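S.K.: Residue numbers (this note's numbering), protein chains in the order written: chain S, 37 to 447; chain F, 203 to 574.
Hints listed in this document are in silico derivations from the structure and should not be mistaken for laboratory results.
Don't take every hint at face value.
[Claimed, not checked] Chain S regions said to be covered by chain F (calculated; three or more residues, Cβ under 8 Å):
1) 63–75
2) 211–220
3) 360–366
[Unchecked claim] Stretch by stretch, here's where chain S covers chain F in the computed footprint (C-beta under 8 Å, at least three residues):
4) 490–502
5) 557–571
[To be verified] Once the Cα atoms are required to be at most 20 Å apart in a straight line, the calculated SDA-like pairs of lysine to any residue come out as:
6) S:K43 / F:P206
7) S:K445 / F:Q453
8) S:K445 / F:D466
9) F:K549 / F:D570
10) S:K43 / F:N208
11) S:K43 / F:Q473
12) S:K445 / F:R467
13) S:K250 / S:A371
14) S:K43 / F:K355
15) S:K221 / S:L276
16) S:K445 / F:E457
17) S:K250 / S:L363
18) F:K355 / F:R339
19) F:K506 / S:L351
20) F:K224 / S:P361
21) S:K194 / S:E165
22) S:K236 / S:L351
23) F:K224 / S:K224
24) F:K506 / S:K224
25) S:K221 / S:G199
26) S:K43 / F:G210
27) S:K194 / S:K250
28) S:K224 / S:E165
29) S:K43 / F:Q205
30) S:K445 / F:Q461
31) F:K224 / S:S419
32) F:K552 / F:K506
33) S:K445 / F:Q473
34) S:K43 / F:K224
Owing to the predicted nature of the structure, the values given are computational and were not obtained by experimental measurement.
Every residue gets a Cβ at the ideal spot worked out from N, C-alpha and C, and that includes glycine.
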Amino acid sequence: MSDEQLKDTPEQAQFRADARAWLAENTPEPPTVRLPQSPLEIMTHEQLDYLQAWQKAAYDAGLVGCDYPVEVGGGGRDNCQRIANEEMLRARTPFFPNVIGLGMAAPTVFYHAQEELKQRLLPALFSGEDIWCQGFSEPGAGSDLANVQTFAERKGDKWVINGHKVWTSLAHFAEWMILLLRTDKSVKHDGLSYFVVPIKSALGKGVTVSPLIKITGETGFNEVIFDNLEVDDSYRLDELGKGWQVAMTTLLHERGAGELVTPRSGGMKSESTHNTNSHALVDLARRTERSSGTAADDPLIRDRIMQQLIREQGLADNNRRSRVPDLQDHPMRLALQNKLLMSEVAQDSAGLAMDIEGAAASLYLGDGQAPDGGQWPMAYMNSFGFTIAAGTSEVQRNILGERVLGMAKSK
Amino acid sequence: MTQPDNFGFTEEAALLKDSARKMLAENFTADVLHGMAAGDPTPERGPALAWDEGLWNQMQELGWGLLAVPEAQGGVGMPLVAVAGLCEELGRAAFPCPLLPTLSASYLLSAAGAGGAAPLEEIAGGATASLAVSNARGSWDFAETPIEVVGGKLEGTACFVQDVAKVSHLLVCARNAAGAGLYWLPVDAEGVEVQGDAIVDLSRDQGRVILSGAEAIEVCADAAPAFDRAMPAIWTLYAADMVGAGEWQLQTTVEYANQRQQFDRPLGFFQAVKHQLVDVMVDIDRAKSLVYGAACAWDTEPEKATRYAHMAKAAASDMAAYASSRSVQCHGGIGFTWECFIHLFFKRQKHSQMLWGDGPWHRARLADIVIG
Chain S
37 MSDEQLKDTP
47 EQAQFRADAR
57 AWLAENTPEP
67 PTVRLPQSPL
77 EIMTHEQLDY
87 LQAWQKAAYD
97 AGLVGCDYPV
107 EVGGGGRDNC
117 QRIANEEMLR
127 ARTPFFPNVI
137 GLGMAAPTVF
147 YHAQEELKQR
157 LLPALFSGED
167 IWCQGFSEPG
177 AGSDLANVQT
187 FAERKGDKWV
197 INGHKVWTSL
207 AHFAEWMILL
217 LRTDKSVKHD
227 GLSYFVVPIK
237 SALGKGVTVS
247 PLIKITGETG
257 FNEVIFDNLE
267 VDDSYRLDEL
277 GKGWQVAMTT
287 LLHERGAGEL
297 VTPRSGGMKS
307 ESTHNTNSHA
317 LVDLARRTER
327 SSGTAADDPL
337 IRDRIMQQLI
347 REQGLADNNR
357 RSRVPDLQDH
367 PMRLALQNKL
377 LMSEVAQDSA
387 GLAMDIEGAA
397 ASLYLGDGQA
407 PDGGQWPMAY
417 MNSFGFTIAA
427 GTSEVQRNIL
437 GERVLGMAKS
447 K
Chain F
203 MTQPDNFGFT
213 EEAALLKDSA
223 RKMLAENFTA
233 DVLHGMAAGD
243 PTPERGPALA
253 WDEGLWNQMQ
263 ELGWGLLAVP
273 EAQGGVGMPL
283 VAVAGLCEEL
293 GRAAFPCPLL
303 PTLSASYLLS
313 AAGAGGAAPL
323 EEIAGGATAS
333 LAVSNARGSW
343 DFAETPIEVV
353 GGKLEGTACF
363 VQDVAKVSHL
373 LVCARNAAGA
383 GLYWLPVDAE
393 GVEVQGDAIV
403 DLSRDQGRVI
413 LSGAEAIEVC
423 ADAAPAFDRA
433 MPAIWTLYAA
443 DMVGAGEWQL
453 QTTVEYANQR
463 QQFDRPLGFF
473 QAVKHQLVDV
483 MVDIDRAKSL
493 VYGAACAWDT
503 EPEKATRYAH
513 MAKAAASDMA
523 AYASSRSVQC
533 HGGIGFTWEC
543 FIHLFFKRQK
553 HSQMLWGDGP
563 WHRARLADIV
573 IG
């Protein structure tokens with residue numbers, strides 16, 4: 037029996053059994069198209085259709101949004117999303133395409149929108165029918181989020197939005213955007229307000245979405261220009277000027293430290309997660325021939341792989357310790373480290389894999405000789421998306437230093 | 203049995219850790235340690251024995267010395283997780299005492315079978331002990347022990363024997379016809395000479411033990427299985443000590459960075475300082491979680507204990523090195539002086555880092571298990 041099963045309540049145990057049985061019958065066959073490494077790299081409608089159909093099926097089976105109330109389209113259950121995620125991971129299902137919707141938009145809308153808006157937006161978000169994107173970053177304000185300049189000017193009970201968002205994953209498929217913008221230019225943090233905006237219906241009518249090509253050669257993220265887009269005041273979340281506080285809800289969930297258990301982790305884990313840990317590095321090192329023996333015989337390579345293994349195990353044990361309040365001196369200390377560690381461990385694993393490959397690390401996707409299909413160079417390049425997005429590692433270190441260690445603020 | 207979610211950390215274990223922390227905070231602050239151990243700053247000061255034996259006796263009365271002694275021999279037989287929690291607090295205070303060597307000896311004796319019972323009963327009665335295993339090259343491999351059994355008596359010189367000036371007994375590993383066995387004798391027995399080392403660490407003592415025809419009780423003739431079972435526990439406890447000392451280094455350095463003004467700002471305002479201390483915290487937390495994981499594995503999944511203990515000791519040793527270097531660096535000029543307490547923990551950490559194998563040594567063994 038696994039640890040998970042040992043601590044399930046009877047209700048949770050039943051839910052787990054049902055989920056497992058359903059997944060055994062309904063985990064979809066692999067698609068005929070090549071899937072991207074994560075939802076953030078979805079490029080084509082063929083990829084999206086396949087993944088959207090999977091999310092819809094999982095939602096109908098009660099595996100998505102299960103801890104949210106029934107009134108907003110959730111399952112009304114108690115701490116069952118974690119179980120659904122574990123079972124989906126176990127069944128090695130595809131990931132969900134609506135990752136920003138589930139991970140960031142859903143908890144933000146849930147905690148800050150009017151009841152009516154929640155009931156209107158959340159069911160189609162959970163089912164994956166409405167894809168969501170996040171309008172935070174701007175060319176002039178990357179991790180300095182309080183500096184966003186996209187401006188909304190009041191016009192009766194409407195707002196007129198002008199500005200430029202960038203690095204916007206999934207905007208090319210998105211129906212809705214969570215949008216942080218400025219409603220008052222005279223103050224910094226208190227001049228921000230938070231909206232949900234229907235962008236697909238406004239394409240060509242105040243919204244332009246243009247694809248950007250990433251370092252990996254993939255598309256999947258975009259710039260979004262607002263040119264006199266009019267939106268109703270009812271799309272505002274929380275009070276005027278409270279955008280910064282609402283954005284903190286989004287960021288806490290984006291960085292994995294939110295309170296409400298969201299389906300994000302179930303949706304994010306994919307086949308590539310299994311392929312980029314240190315056991316995969318051991319396997320790669322055994323297969324990689326050097327002038328004398330294999331890379332697995334090289335003491336320096338062995339040491340570096342063990343360092344990675346220890347970091348991974350440390351992360352797993354941190355997660356285990358974070359569930360035991362007695363073993364922590366500060367409630368956010370481990371939670372806030374998570375994003376920093378996950379992204380840096382993944383980056384260093386992929387970088388080490390390229391070092392192990394040696395000259396073959398020059399071979400990329402599409403080359404028949406590339407070890408592991410060229411996934412390691414792609415994973416290494418992609419990893420910078422995670423050490424930069426949602427607050428760079430440097431910003432994350434500032435937050436840890438200031439909030440947990442109590443050191444003076446850097447701004 | 204699988205590892206429990208909370209590392210098997212019971213209420214009793216939390217209480218032990220908590221009360222140890224309180225007791226040490228009340229009775230043994232860093233300035234007490236400094237006054238006691240750092241009286242003489244000359245590099246040639248030679249072996250000094252600085253410790254509060256009265257406070258140690260109070261701890262003995264609380265039963266700390268017999269935590270790892272099984273109930274059958276009059277001890278408490280606490281899970282390793284609980285003992286690790288206590289050692290963490292001992293490290294946080296850098297308290298000079300023979301607890302770690304005594305616990306280490308207890309684990310070896312418990313793993314040694316029937317012959318370990320009598321010595322364990324002595325520990326339950328208040329005896330303390332240290333291990334005589336290492337040769338002059340600092341090898342921690344028991345098969346390379348410098349001691350031999352000659353005509354039923356012990357001959358040879360063991361090096362790097364921890365807290366040897368504070369213990370009542372020695373647990374000696376010595377080569378014999380069967381390979382290497384374990385032997386138990388009082389430190390003041392005939393044929394035993396102890397020469398104290400002058401060492402960097404002011405919170406411990408260390409020495410060479412010269413055995414010339416010393417008589418000892420044979421605990422077991424073949425010590426290999428006992429070392430296999432006990433070493434992961436010993437590595438885990440030294441790692442726990444480093445985690446606690448690291449916490450003290452971090453807390454003290456953060457307090458200094460928050461209070462010391464430079465360029466019109468507190469030091470901690472500057473990212474070059476802030477980020478280093480965050481990285482120290484990250485390393486401490488990883489090492490701490492790995493220590494609990496390793497202890498819990500030893501308690502519940504013995505077949506996995508060795509690999510998890512290698513991880514914990516490697517992570518803790520590397521953390522100790524980094525936390526030490528950053529604690530002095532971030533204190534600036536003050537951190538480079540004898541008066542600043544930082545050096546006490548710096549020295550203890552450098553000492554612990556190397557005891558029973560440093561990071562690269564443990565990773566090499568881990569690689570042999572994982573990669574083959």
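S.K.: For each hint, tell me whether it holds in the structure or not.
M.R.: Against the structure, the hints come out as follows:
For a cut-off of 8 Å, the count of residues in the segment 63–75 of chain S with a CB near a CB of chain F stands at 0, and the three-residue condition is violated. With 0 residues having a beta carbon nearer than 8 Å to a beta carbon of chain F, the segment 211–220 of chain S misses the requirement of three or more and the stated coverage is violated. Three residues within the 8 Å Cβ limit are the bar, and the segment 360–366 of chain S against chain F gives 3, so the coverage statement holds. With 5 residues having a Cβ less than 8 Å from any Cβ of chain S, the segment 490–502 of chain F passes the three-residue criterion, so the hint holds.
For the segment 557–571 of chain F, the assignment as covered by chain S holds, since 5 residues bring a beta-carbon within under 8 Å of that chain's beta-carbons and 3 suffice. Between the alpha carbons of K43 of chain S and P206 of chain F the distance comes to roughly 9 Å, so the proposed pair stays at or under 20 Å and holds. For the given pair, K445 of chain S sits about 18 Å from Q453 of chain F by alpha-carbon distance, which is consistent with the 20 Å threshold. Straight-line distance between C-alpha atoms of K445 of chain S and D466 of chain F comes to about 14 Å, which keeps the hinted pair within the 20 Å bound.
A threshold of 20 Å between alpha carbons decides the hint, and for K549 of chain F with D570 of chain F the separation of about 31 Å lies outside it, so the pair is violated. Proposed proximity of K43 of chain S and N208 of chain F is supported: the alpha carbons are some 11 Å apart, at most 20 Å. For a cut-off of 20 Å, the pair hint linking K43 of chain S to Q473 of chain F is broken: about 42 Å separates their Cα positions. A hinted pair counts as satisfied when its Cα atoms are at most 20 Å apart, and K445 of chain S with R467 of chain F qualifies at roughly 10 Å.
Between K250 of chain S and A371 of chain S the CA atoms are separated by roughly 29 Å; this puts the pair beyond 20 Å, and the hint is violated. Taking the CA atoms of K43 of chain S and K355 of chain F, the gap is about 55 Å. The hint is violated against a cut of 20 Å. In summary, the hint linking K221 of chain S to L276 of chain S is supported, as the alpha carbons are separated by about 13 Å, within the 20 Å threshold. A C-alpha spacing of about 15 Å is found between K445 of chain S and E457 of chain F, which places the hinted pair at or below 20 Å, so the restraint holds.
Between K250 of chain S and L363 of chain S, the direct Cα distance comes to roughly 42 Å. Violation of the 20 Å bound is thereby established for this hinted pair. This hinted pair does not check out: K355 of chain F and R339 of chain F have alpha carbons roughly 23 Å apart, beyond 20 Å. At most 20 Å may separate the alpha-carbon atoms for a hinted pair to count; K506 of chain F and L351 of chain S meet this at roughly 18 Å. Pair hint K224 of chain F plus P361 of chain S holds up; C-alpha atoms about 19 Å apart against a cutoff of 20 Å.
Distance check on the hinted pair: K194 of chain S and E165 of chain S sit about 27 Å apart at the alpha-carbon level, beyond 20 Å; violated. A distance of roughly 39 Å separates the Cα atoms of K236 of chain S and L351 of chain S; the hinted pair therefore is violated under the 20 Å criterion. Distance restraint check for K224 of chain F and K224 of chain S: the Cα-Cα separation of roughly 45 Å exceeds the 20 Å cut-off, and the hinted pair is therefore not satisfied. Taking the CA atoms of K506 of chain F and K224 of chain S, the gap is near 54 Å; set against the 20 Å cutoff, the hint is violated.
Between the alpha carbons of K221 of chain S and G199 of chain S the distance comes to roughly 13 Å, so the proposed pair stays at or under 20 Å and holds. With a C-alpha separation of about 13 Å, the suggested pairing of K43 of chain S with G210 of chain F holds against the 20 Å cut-off. As the CA atoms of K194 of chain S and K250 of chain S are separated by approximately 35 Å, the hinted pair breaks the 20 Å bound. At most 20 Å may separate the alpha-carbon atoms for a hinted pair to count; K224 of chain S and E165 of chain S exceed this at roughly 36 Å.
A distance of roughly 12 Å separates the Cα atoms of K43 of chain S and Q205 of chain F; the hinted pair therefore holds under the 20 Å criterion. With a C-alpha separation of about 14 Å, the suggested pair K445 of chain S and Q461 of chain F falls inside the 20 Å cut-off, and the hint holds. As the CA atoms of K224 of chain F and S419 of chain S are separated by approximately 44 Å, the hinted pair breaks the 20 Å bound. Between the alpha carbons of K552 of chain F and K506 of chain F the distance comes to roughly 28 Å, so the proposed pair goes past 20 Å and is violated.
Only pairs whose Cα atoms come within 20 Å are accepted, and K445 of chain S paired with Q473 of chain F is accepted, the gap being roughly 10 Å. Pair hint K43 of chain S plus K224 of chain F does not hold up; C-alpha atoms about 33 Å apart against a cutoff of 20 Å.
Violated hints, in rising order: 1, 2, 9, 11, 13, 14, 17, 18, 21, 22, 23, 24, 27, 28, 31, 32, 34; the structure is consistent with all others.
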